[in-house]
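J.: Residue numbers (the UniProt record's numbering), protein chains in the order written: chain H, 1 to 337; chain R, 1 to 337; chain E, 1 to 337; chain F, 1 to 337.
Hints may contain errors.
A pair holds if it fits inside one copy or across any two, identical chains being indistinguishable in the list.
Claimed, not checked - Listed below are the simulated SDA-like cross-link pairs for lysine to any residue, each with C-alpha atoms no more than 25 Å apart in a straight line:
no., residue 1, residue 2
1, Lys61, Ala46
2, Lys68, Glu216
3, Lys215, Met1
4, Lys119, Arg199
5, Lys202, Thr134
6, Lys195, Glu172
7, Lys45, Val4
8, Lys70, Ser35
9, Lys77, Lys94
10, Lys94, Lys195
11, Lys327, Arg169
12, Lys195, Arg169
None of these hints come from the bench; they were simulated from the model.
There are 4 protein chains.
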Amino acid sequence: MIIVMAPNSTQADLDNVISKVKSQGLDVHLSQGTSRTIVGVIGDKAAIGQLEMQHLSGVEKTVRITEKYKLVSREFKRNNTVINVGGVEIGGSKPIVMAGPCAVESMEQLMESATAVAKAGAQFLRGGAFKPRTSPYDFQGLAEQGLKMLREAADANGLKVVTEVVDQRSIETVASYADVLQIGARNMQNFQLLKEVGRAGKPVMLKRGLCATIKEWLNAAEYIMSEGCDDVIFCERGIRTYETYTRNTLDLSAVAAIKELSHLPIVVDPSHGTGRRSMVRPMAIAAIAAGADGLIIEVHPHPEVALSDGEQSLTPADFEEVMADIKRVASLLRGED
Amino acid sequence: MIIVMAPNSTQADLDNVISKVKSQGLDVHLSQGTSRTIVGVIGDKAAIGQLEMQHLSGVEKTVRITEKYKLVSREFKRNNTVINVGGVEIGGSKPIVMAGPCAVESMEQLMESATAVAKAGAQFLRGGAFKPRTSPYDFQGLAEQGLKMLREAADANGLKVVTEVVDQRSIETVASYADVLQIGARNMQNFQLLKEVGRAGKPVMLKRGLCATIKEWLNAAEYIMSEGCDDVIFCERGIRTYETYTRNTLDLSAVAAIKELSHLPIVVDPSHGTGRRSMVRPMAIAAIAAGADGLIIEVHPHPEVALSDGEQSLTPADFEEVMADIKRVASLLRGED
Amino acid sequence: MIIVMAPNSTQADLDNVISKVKSQGLDVHLSQGTSRTIVGVIGDKAAIGQLEMQHLSGVEKTVRITEKYKLVSREFKRNNTVINVGGVEIGGSKPIVMAGPCAVESMEQLMESATAVAKAGAQFLRGGAFKPRTSPYDFQGLAEQGLKMLREAADANGLKVVTEVVDQRSIETVASYADVLQIGARNMQNFQLLKEVGRAGKPVMLKRGLCATIKEWLNAAEYIMSEGCDDVIFCERGIRTYETYTRNTLDLSAVAAIKELSHLPIVVDPSHGTGRRSMVRPMAIAAIAAGADGLIIEVHPHPEVALSDGEQSLTPADFEEVMADIKRVASLLRGED
Amino acid sequence: MIIVMAPNSTQADLDNVISKVKSQGLDVHLSQGTSRTIVGVIGDKAAIGQLEMQHLSGVEKTVRITEKYKLVSREFKRNNTVINVGGVEIGGSKPIVMAGPCAVESMEQLMESATAVAKAGAQFLRGGAFKPRTSPYDFQGLAEQGLKMLREAADANGLKVVTEVVDQRSIETVASYADVLQIGARNMQNFQLLKEVGRAGKPVMLKRGLCATIKEWLNAAEYIMSEGCDDVIFCERGIRTYETYTRNTLDLSAVAAIKELSHLPIVVDPSHGTGRRSMVRPMAIAAIAAGADGLIIEVHPHPEVALSDGEQSLTPADFEEVMADIKRVASLLRGED
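Construct all of the structure, not just a fragment, from the sequences and the given hints.
T.: The structure is reproduced here in structure tokens:
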């Protein structure tokens with residue numbers, strides 16, 4: 001940490017700053033410029049992480065040099081983490097695809113979806129059994145009945161299941177049916193949920209919060225890893241901006257950022273990221289080109305009757321085309337066959 | 001709801017739209033412009049609320065005319081709701097003030113804070129016993145021990161207690177000590193928490209999410225009210241924007257917006273809203289001038305040793321000055337003595 | 001400037017950094033932490049301002065300690081600047097009010113507006129003769145004819161004129177009619193216009209850009225001052241955020257920020273800042289309470305027939321009420337009569 | 001346009017609305033719902049475009065069905081516009097690349113850059129002779145001397161020149177040296193500049209404003225086209241969000257949006273869009289994958305001594321790699337060789 005003293009700060013202010021730093025077992029290194037005195041803090045990284053100096057008299061600003069997250073960082077682990085989900089690798093050389101309807105509506109709808117996405121080459125079936133909705137009067141999901149359908153439809157088609165956990169009380173239930181537990185954007189900083197899901201013994205896919213910075217997202221993943229879960233997958237799903245043409249602004253540079261800062265894999269959700277069916281294909285291809293480890297795409301056998309998010313769901317036929325494009329781009333850029 | 005058909009839509013598209021609307025027991029009203037056909041949907045508001053038409057073939061866009069929230073709306077209840085918390089009225093003619101440290105750190109710190117804020121005229125003691133922190137390595141609060149201290153310090157000074165609930169598992173515990181339950185910004189769309197807190201039998205103060213729209217905030221309050229809680233207090237605490245000089249951008253126009261759209265009271269948090277001690281006073285006065293029903297302000301007897309948010313905490317002496325200003329402005333604008 | 005070297009940087013990287021700093025006549029101060037080497041740059045502030053080090057090999061990040069603006073800063077001039085516009089003081093003890101229609105439409109409309117706002121106590125007549133509009137097909141203003149009307153209506157009512165300059169070619173013309181030249185939000189970083197308007201010999205009111213940071217706004221004012229104009233007035237008019245209920249998000253904390261960082265006066269525009277007639281009054285009062293030196297408010301004798309921005313214009317009767325409130329609050333907070 | 005009447009509006013309000021619409025030569029179509037009356041406006045699109053109804057008494061909101069821009073729209077012209085710049089096609093089957101330094105610094109620097117980018121396959125030399133800079137004390141460019149160097153370096157290497165016009169007074173000068181005139185992000189709504197540049201007889205590349213919506217961007221292009229220029233190229237260069245890790249948030253979904261709404265070509269600037277050298281390559285490839293017609297990339301022979309934006313400039317060697325990737329992806333997705 002670097003502490004910049006204000007131009008009008010006193011020697012007493014400076015002495016107080018130094019004294020507080022030393023009281024934490026840390027040391028200082030002073031630098032006297034023409035208009036400012038700079039105090040560099042030296043010592044144990046964890047102790048520096050705890051230090052709060054901004055509010056001391058005479059302090060103009062503080063600059064953190066090292067981040068608080070550790071386990072998720074590329075500094076901590078140089079090589080990419082590859083997560084093995086019952087034989088399917090996330091973060092390996094081939095991008096994976098999670099697909100299915102926004103919400104589980106019926107066994108028929110789900111089975112039709114699962115058959116279609118499996119046939120097109122997806123590895124995971126997605127679908128919400130518990131739905132976080134803006135209004136209490138919107139469809140809230142089929143709950144455990146929906147989880148059973150997901151498991152059955154996935155098993156029948158050789159797929160894995162990824163589905164959302166919306167509260168602490170249902171983690172165990174969801175974990176008993178799902179292969180990967182999803183934390184939704186609205187819960188990215190629901191820290192109690194992050195901690196408990198980190199102890200559930202399953203890989204966790206952590207969606208980026210609606211207005212979360214890259215650093216906050218990494219810290220949220222650190223909550224999960226610090227409870228013993230090594231298998232965290234980031235999911236970029238668009239951030240909230242002033243633009244209204246798209247539902248969110250899909251931030252593909254987040255893929256590059258996560259690859260620089262972390263060893264964990266990242267997938268992209270072009271369906272929520274754009275909110276428009278016509279944009280799913282170009283953004284899916286672009287995500288793979290940007291280096292994403294996979295995609296999560298909404299596919300509904302009959303988008304026109306979907307109970308939620310029909311406007312961003314692909315038909316099975318559209319999805320097949322997207323899958324073909326993805327395979328070609330991935331093969332070209334990563335030398336895969 | 002109004003459905004705008006695309007210029008290149010077909011008669012079959014239109015027939016399909018009409019048929020779907022009618023299948024929900026609703027009726028349509030057609031309007032043929034020079035370049036667009038417009039379909040107005042007529043009928044039961046709740047049924048229209050469920051209607052999803054955006055994804056149908058030939059539909060260019062849909063416009064919702066009525067909002068999904070109801071119980072929180074000014075249309076539903078014309079008169080301002082006044083919440084009585086053990087004799088203290090929130091939403092009445094006098095603004096109320098909640099004050100105290102960001103986090104409960106020790107009995108000594110808390111008692112000193114409580115005595116100071118009570119003396120200056122505050123009605124509520126604030127302080128976090130459970131702290132939602134960006135990093136798992138930051139101070140997470142004293143938990144139930146902190147709640148006990150809050151109750152004791154408040155009682156000793158004739159204050160009420162407002163404190164945050166961060167998860168479902170601790171609602172009952174928090175409710176047994178607190179007078180008002182606070183839902184933090186990061187949990188504004190933690191819908192399971194909203195539902196359960198709505199059944200806890202205590203007034204709830206709902207902070208605005210970091211990037212929540214006014215409408216989403218109203219819907220979040222609707223979750224609480226729909227579970228039987230009539231006493232919801234909004235709290236504007238700044239929104240996330242591109243500006244970095246302030247911690248958040250305090251949106252005082254939200255006070256006017258909530259007063260237009262809802263009958264519920266609203267308080268303002270200038271401490272988190274600005275993140276800078278020097279800005280708390282001007283923004284506190286401005287909030288009251290804008291029509292807020294109260295304020296929540298961080299006060300710490302010794303901000304320089306605070307475990308969190310010291311840079312935005314007032315000293316007791318600063319706080320007394322702010323209280324004097326607030327009283328003068330409130331008295332002037334509302335004819336109070 | 002502080003330069004933070006990356007953990008994997010080499011001695012050669014460090015030598016190169018030091019050598020580049022020294023080649024600019026500056027000196028360095030090294031600080032070796034446990035995981036990072038920090039290079040403090042010492043010397044002439046202007047030379048440091050020119051330094052670009054971020055792109056050197058081995059540099060993790062750089063932190064600027066001093067800002068590039070100088071003339072506008074509170075460090076440069078401690079006392080508030082009071083601008084005298086033909087006897088009317090901006091930045092003095094009494095808040096001033098600029099009022100009138102969005103656009104000049106006709107002599108009749110303008111005279112009626114001017115009479116009304118003068119009667120209610122405003123000091124300035126506002127009105128656009130050149131209108132920057134999103135679409136080329138919207139009303140673009142009456143140009144010089146409008147300027148003549150502004151001057152005549154203002155003179156007949158003892159008012160000063162503030163009006164917008166939209167391009168370099170019309171500065172001289174506008175300056176020959178107006179008392180204060182306004183730079184609109186969309187031109188805040190039209191640097192050539194800033195420079196030329198700084199040489200026009202008139203006070204300049206600089207609106208904040210739609211997504212300008214406080215620091216960028218100060219730098220824009222520095223462009224004007226560096227050309228010899230001492231009389232710059234900031235105008236907060238709302239920033240662009242994700243919120244759609246209001247036209248912009250009025251950032252009243254900008255008033256406190258400008259007061260901290262600069263000696264120049266600041267006024268607030270609650271009309272554009274909210275875009276809603278019903279919000280103008282509460283935000284106007286709040287702005288004065290927050291410490292603003294004045295207001296600029298849209299008033300139209302017949303908002304329902306206005307050629308632009310009618311939805312945010314007050315009627316003369318509404319305006320009189322706002323003026324009464326403003327006077328009471330200003331009088332209370334500043335001890336004015 | 002659709003006009004939604006407020007629930008408490010009167011028959012007189014409705015009569016007034018109808019009367020105003022009819023006074024413009026337009027007609028209405030009434031629709032009576034259970035809680036709202038809806039007024040559809042029918043008639044000439046241009047006349048409807050001029051209509052302002054929001055401020056009328058009893059009006060809750062208005063919804064525009066048709067946009068104000070026309071010439072730029074896909075509705076107006078179905079086929080993609082291909083712009084021929086002296087034999088180089090923009091918007092055709094092959095993506096084009098514009099490359100070179102941020103600012104023209106010297107003949108040597110420029111010639112070295114031009115030779116390198118031409119060798120790697122770029123078609124355009126970029127470089128700023130007039131630089132819009134946040135601070136008046138930053139390097140402002142070499143002006144006409146820089147333009148001469150650009151022309152000479154481009155001609156010597158068989159390249160076209162694209163460079164920025166920053167004000168009305170230098171349009172003619174810039175047009176006499178450049179092949180394509182660039183409007184920078186800060187001038188996207190400098191409407192006088194847009195109009196004059198539209199009459200300059202050269203193709204115009206219009207960068208997206210820092211916080212411009214897609215619709216505002218289209219309207220800005222309409223300003224240029226409405227003055228007689230048919231050759232407008234959009235350039236996505238990142239938008240301003242709350243994220244600080246990247247300089248801007250590159251919005252690749254804008255590529256898909258422009259392709260849907262307009263017939264004009266669009267290029268992407270991954271250098272300004274990310275502000276980080278390490279992210280240029282993945283975002284460049286992703287942009288082409290998303291369907292962009294080209295790229296504009298900062299290349300500097302010696303980024304470590306660049307006078308501006310060195311941290312986002314590629315070396316010639318990096319650039320060659322990016323070009324190879326781009327060609328492979330373009331060839332794969334568009335069947336080009």
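J.: A separate judgement is required for each hint: does it hold in the structure or not?
T.: Structure-based check of all given hints:
no. : hint            : result
1   : Lys61 x Ala46   : both (20 Å within a copy, 21 Å between copies)
2   : Lys68 x Glu216  : within (10 Å within a copy, 30 Å between copies)
3   : Lys215 x Met1   : both (17 Å within a copy, 24 Å between copies)
4   : Lys119 x Arg199 : neither (34 Å within a copy, 46 Å between copies)
5   : Lys202 x Thr134 : between (28 Å within a copy, 23 Å between copies)
6   : Lys195 x Glu172 : both (13 Å within a copy, 20 Å between copies)
7   : Lys45 x Val4    : both (19 Å within a copy, 16 Å between copies)
8   : Lys70 x Ser35   : between (35 Å within a copy, 14 Å between copies)
9   : Lys77 x Lys94   : within (21 Å within a copy, 41 Å between copies)
10  : Lys94 x Lys195  : neither (30 Å within a copy, 42 Å between copies)
11  : Lys327 x Arg169 : neither (39 Å within a copy, 45 Å between copies)
12  : Lys195 x Arg169 : both (13 Å within a copy, 13 Å between copies)
Figure legend: structure checked against the earlier numbered hints; hints not met, in rising order: 4, 10, 11.
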